[in-house]
Amino acid sequence: MTSHDVVNHMRRLANTRKVGHLGTLDPMATGVLPLVIGRATRLAQFFSTGQKKYYALIRFGWATDTYDREGTTMSAAVEPQFTREELEQALAAFRGIFLQTPPPYSAKKIAGTPAYKLARKQIAVELEPVEVEVFALDVLEFTGATARISVVCSAGTYLRGIAHEAGQRLGCGAFLEELRRTGSGEFAEGNAHTLESLNDLAAAGKIEEALIPATELLPHFPNATVDPLTAGQIRQGKDFRLSPFLSRTTAKYVKAISQEGDLIAIGEARLPFVYHPILVL
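In terms of this note's numbering, the sequence shown opens at residue 1 and continues consecutively.
Treat each hint with caution, since some may be false.
Derived Cβ-Cβ restraints for the label pairs, each shown as a range [claimed, not checked]: (1) V274 with T72: 55 to 61 Å; (2) G171 with R270: 54 to 60 Å; (3) E126 with V274: 45 to 51 Å; (4) R39 with F135: 31 to 37 Å; (5) Y116 with E189: 37 to 43 Å; (6) E126 with D239: 43 to 49 Å; (7) G171 with E216: 24 to 30 Å; (8) R270 with E178: 45 to 51 Å.
Each computed BS3-like pair below joins lysine-lysine, with the alpha-carbon atoms no more than 30 Å apart [said to hold, decoys possible]: (9) K117 with K252; (10) K53 with K18; (11) K206 with K121; (12) K109 with K121; (13) K53 with K117; (14) K108 with K18; (15) K206 with K18; (16) K252 with K53; (17) K252 with K238; (18) K108 with K238; (19) K18 with K109; (20) K18 with K252; (21) K53 with K108; (22) K121 with K108.
Worth flagging that the hints you see were computed from the coordinates, not collected in a lab. Glycine included, C-beta positions come from ideal geometry on N, C-alpha and C.
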């Protein structure tokens, strides 16, 4: 199931076309896939830079063209002959900030076409390296043929790419056999719903129970409750002033919340305690 398949499934359950996701998961991957629904789809731009957390299993011995278990074998199988210390040395190159070339089978677009579509047609693709950051990469288990790792990284980091390049460094080839995303920005696995539970909620007419209230989204943006008059002005695109006695009113962005608890707009600071609505919902 692709991320787009999940979006389509949720469109049917929520009876709306306005559903999107906040970061593609590979079809073989499991775990956290945040969805935005209705007017909240317009908030996607503010979630794009969140950290991602993963558990992954790397298998050593040969490489594949997709850098994961679903690809075609690209090299003859060899017996891995390296120690855990040598593995740690190879993985050290993928900690911190570095340039990473996206895999040829990726959603990165070339002249508007996803790279994986060109790769499937045997069309050579040249993708530009992009700067990524890995905040933590720990080896949890090493068997000689496989390594289970945990990773905290920036958005846009390909763990398939790390597995493939680690195999090259160790001289035996490698690919990603398992991948599970346990966190995406502020969204954690413990708060996620399975598709089965969403089906049950929809059948009971309670799909809204799966939704996170707008006031709880983007917790790094302070909530600013506004009165009905100010709410009306915000909806007209007018600047609004916040009391200097409210906490965190020096933040660059705030969430303008109605007295009923609805998210009205995202405001950007223009002057001290004065915000301009850059996105009105």
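Against the structure, the hints:
{"no.": "1", "hint": "V274 with T72: 55 to 61 Å", "verdict": "holds, 58 Å"}
{"no.": "2", "hint": "G171 with R270: 54 to 60 Å", "verdict": "holds, 57 Å"}
{"no.": "3", "hint": "E126 with V274: 45 to 51 Å", "verdict": "holds, 47 Å"}
{"no.": "4", "hint": "R39 with F135: 31 to 37 Å", "verdict": "holds, 32 Å"}
{"no.": "5", "hint": "Y116 with E189: 37 to 43 Å", "verdict": "violated, 26 Å"}
{"no.": "6", "hint": "E126 with D239: 43 to 49 Å", "verdict": "holds, 46 Å"}
{"no.": "7", "hint": "G171 with E216: 24 to 30 Å", "verdict": "violated, 49 Å"}
{"no.": "8", "hint": "R270 with E178: 45 to 51 Å", "verdict": "holds, 48 Å"}
{"no.": "9", "hint": "K117 with K252", "verdict": "violated, 40 Å"}
{"no.": "10", "hint": "K53 with K18", "verdict": "holds, 27 Å"}
{"no.": "11", "hint": "K206 with K121", "verdict": "violated, 44 Å"}
{"no.": "12", "hint": "K109 with K121", "verdict": "holds, 15 Å"}
{"no.": "13", "hint": "K53 with K117", "verdict": "holds, 27 Å"}
{"no.": "14", "hint": "K108 with K18", "verdict": "holds, 23 Å"}
{"no.": "15", "hint": "K206 with K18", "verdict": "holds, 18 Å"}
{"no.": "16", "hint": "K252 with K53", "verdict": "holds, 26 Å"}
{"no.": "17", "hint": "K252 with K238", "verdict": "holds, 17 Å"}
{"no.": "18", "hint": "K108 with K238", "verdict": "violated, 38 Å"}
{"no.": "19", "hint": "K18 with K109", "verdict": "holds, 23 Å"}
{"no.": "20", "hint": "K18 with K252", "verdict": "holds, 28 Å"}
{"no.": "21", "hint": "K53 with K108", "verdict": "holds, 21 Å"}
{"no.": "22", "hint": "K121 with K108", "verdict": "holds, 16 Å"}
In terms of the numbered hints stated before, the structure departs from hints 5, 7, 9, 11 and 18, listed from lowest to highest.
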